[in-house]
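The primary structure of each chain is shown beneath.
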Amino acid sequence: DAGVTQSPTHLIKTRGQQVTLRCSPKSGHDTVSWYQQALGQGPQFIFQYYEEEERQRGNFPDRFSGHQFPNYSSELNVNALLLGDSALYLCASSALPLHDLEQYFGPGTRLTVT
Amino acid sequence: GQQLNQSPQSMFIQEGEDVSMNCTSSSIFNTWLWYKQDPGEGPVLLIALYKAGELTSNGRLTAQFGITRKDSFLNISASIPSDVGIYFCAGETDNYGQNFVFGPGTRLSVLP
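If you read the sequences in order, they're chains Z and V.
With the first letter of the first sequence counted as 1, position 16 gets the number 1150 in my numbering; the numbers rise by one all the way through.
With the first letter of the second sequence counted as 1, position 105 gets the number 615 in my numbering; the numbers rise by one all the way through.
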């Protein structure tokens, strides 16, 4: 049973560039949430996708956008990168709207903006 | 916005000792989750709590959902070196799994 997978593992970008991160949810899960984790902090919720639509969004600017595909995998796009966007980006999957509220995380993508 | 506080911020214990950490908030939460994160990896779910007063165990780990729904604690008994890591609590308010708020974490170090 494959867990949550993310790609790439590491990424280095320059200020102003755009980046796309990818996530495949755990088998049987249909909901994907994205989090940003700065060094030394807890994960911060970016947004959640279910049925290919954004259901909920955290306090992040429009530069952060996403997409969910029919196979439940998801992408996180960040435009006009800032130095402050450097962080570990985590994807978590769950099975909603069933009773299972437990979210399972992938290993993350470490983004460095120079 | 909703915030979670975790204490202690960090702790050093001897192998074999019991550990207790907690998570508090000024807001009410309907679900509490406890995660452990190792360096360079994503958080791993340890325990999920869904009802006020609920006490749940997972091996040497025990967690409780506070009666006021504003706090939760995690206990680890007979700590071992692999317990080292950062422990995060996460709370959710609407029972639909839409938005989990994470605490800043408790960093646990276990001395042999």
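Careful, some of the hints might be misleading.
Heads up, incomplete: computed chain Z residues facing chain V, CB under 8 angstroms, no partners named [claimed, not checked]:
| hint | residue |
| --- | --- |
| 1 | Asn1211 |
| 2 | Ala1214 |
| 3 | Gln1237 |
| 4 | Tyr1238 |
| 5 | Phe1239 |
| 6 | Gly1240 |
Because the hints were derived from the structure by calculation, they are not lab data.
Backbone N, C-alpha and C fix where the C-beta goes; we use that ideal spot for every residue, glycine too.
Consistency of the hints with the structure:
1. Interface hint status for Z:Asn1211: violated, as the beta-carbon distance to the closest one in chain V is roughly 20 angstroms, over 8 angstroms.
2. With its C-beta approaching chain V no nearer than about 24 angstroms, Z:Ala1214 sits outside the 8 angstroms limit, and its interface hint is violated.
3. Of the supplied interface hints, the one on Z:Gln1237 holds, with its beta-carbon coming within about 7 angstroms of a beta-carbon of chain V, less than 8 angstroms.
4. Interface restraint check for Z:Tyr1238: the shortest CB-CB distance to chain V comes to about 6 angstroms, inside 8 angstroms, so the restraint holds.
5. Annotation: Z:Phe1239 was flagged as interfacial toward chain V, and the flag holds, the nearest CB pair being 4 angstroms apart, inside 8 angstroms.
6. The beta carbon of Z:Gly1240 is positioned within 8 angstroms of a beta carbon in chain V (closest approach about 5 angstroms), and the interface hint is therefore held.
In summary, the numbered hints that this structure violates are 1, 2.
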